[in-house]
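Chemist: Just so you know, the sequence shown maps onto residues 74 to 181 in my numbering.
Treat the hints as calculated values from the structure; they're not laboratory data.
Just so you know, these numbers come straight off a predicted model, no measurement behind them.
One or more of the hints may lead you astray.
[Stated by the list, open to error] DSSO-like mimics (lysine-lysine), calculated; alpha carbons at most 30 Å apart, straight line: (1) K117 - K162; (2) K117 - K145; (3) K162 - K145.
[As the list claims (entries may be wrong)] Distance windows between CB atoms, simulated: (4) D80 - P160: 16 to 22 Å; (5) E175 - A136: 27 to 33 Å; (6) D104 - D157: 26 to 32 Å; (7) E175 - P107: 21 to 27 Å; (8) R171 - E87: 17 to 23 Å; (9) P107 - E87: 27 to 33 Å; (10) E122 - V165: 19 to 25 Å.
Here a beta-carbon is modelled for each residue, glycine too, at the ideal position from N, C-alpha and C.
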Amino acid sequence: MVTDVRDVTDADFETEVIGSELPVLVEFTADWCPPCRQMGPVLKALAAEEGERLKVVQLDVDANPATTNAYKVLSMPTFMVFRDGEPVKAMVGARPRRRLLEELSEVL
Numbered sequence: 074m075v076t077d078v079r080d081v082t083d084a085d086f087e088t089e090v091i092g093s094e095l096p097v098l099v100e101f102t103a104d105w106c107p108p109c110r111q112m113g114p115v116l117k118a119l120a121a122e123e124g125e126r127l128k129v130v131q132l133d134v135d136a137n138p139a140t141t142n143a144y145k146v147l148s149m150p151t152f153m154v155f156r157d158g159e160p161v162k163a164m165v166g167a168r169p170r171r172r173l174l175e176e177l178s179e180v181l
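Given these sequences and hints, build the entire structure.
Modeler: What follows is the structure, encoded as structure tokens:
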């Protein structure tokens with residue numbers, strides 16, 4: 074069981090996210106994005122708490138333009154929840170842990 078936030082790339086997005094048996098929360102992030110960095114501890118805590126029900130991954134938008142463009146991600150951070158290979162929810166912008174959990178409860 075993975076209880077950490079993993080990095081995914083264009084190369085392994087299909088395997089790690091689309092092919093995942095668990096729902097996956099993807100953070101589309103960038104090194105130059107302060108709100109993205111703020112979300113780091115929140116996502117780490119979420120991965121530790123919800124690791125059995127939810128996989129948490131990050132995708133660097135600068136290094137992985139194919140996936141970023143495929144899902145029309147324009148703002149950082151963008152969070153997308155994938156279930157059964159399909160995006161079922163998208164959220165833009167940093168948010169407190171409690172609000173993120175509330176929004177995720179609808180799709181978990």
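Chemist: All hints, please: hold or fail.
Modeler: The hints, checked one at a time:
1. Simply put, K117 and K162 have alpha-carbon atoms about 20 Å apart, close enough for the 30 Å limit, and the pair holds.
2. A hinted pair counts as satisfied when its Cα atoms are at most 30 Å apart, and K117 with K145 qualifies at roughly 25 Å.
3. For the proposed pair K162 and K145, the alpha carbon gap of about 13 Å is at most 30 Å, so the pair holds.
4. Distance hint check for D80 and P160: the Cβ-Cβ separation is about 19 Å, which falls inside the suggested range of 16 to 22 Å.
5. A C-beta distance of roughly 31 Å is found between E175 and A136, which places it inside the suggested range of 27 to 33 Å.
6. A beta carbon spacing of about 31 Å between D104 and D157 agrees with the range 26 to 32 Å that was offered as a hint.
7. Between E175 and P107 the C-beta distance comes to about 23 Å, which sits within the given range of 21 to 27 Å.
8. About 32 Å separates the C-beta atoms of R171 and E87, a value inconsistent with the hinted range of 17 to 23 Å.
9. Checked against the hint of 27 to 33 Å, the pair P107 and E87 passes, with Cβ atoms roughly 30 Å apart.
10. Under the hint 19 to 25 Å, the C-beta atoms of E122 and V165, about 23 Å apart, fit the expected range.
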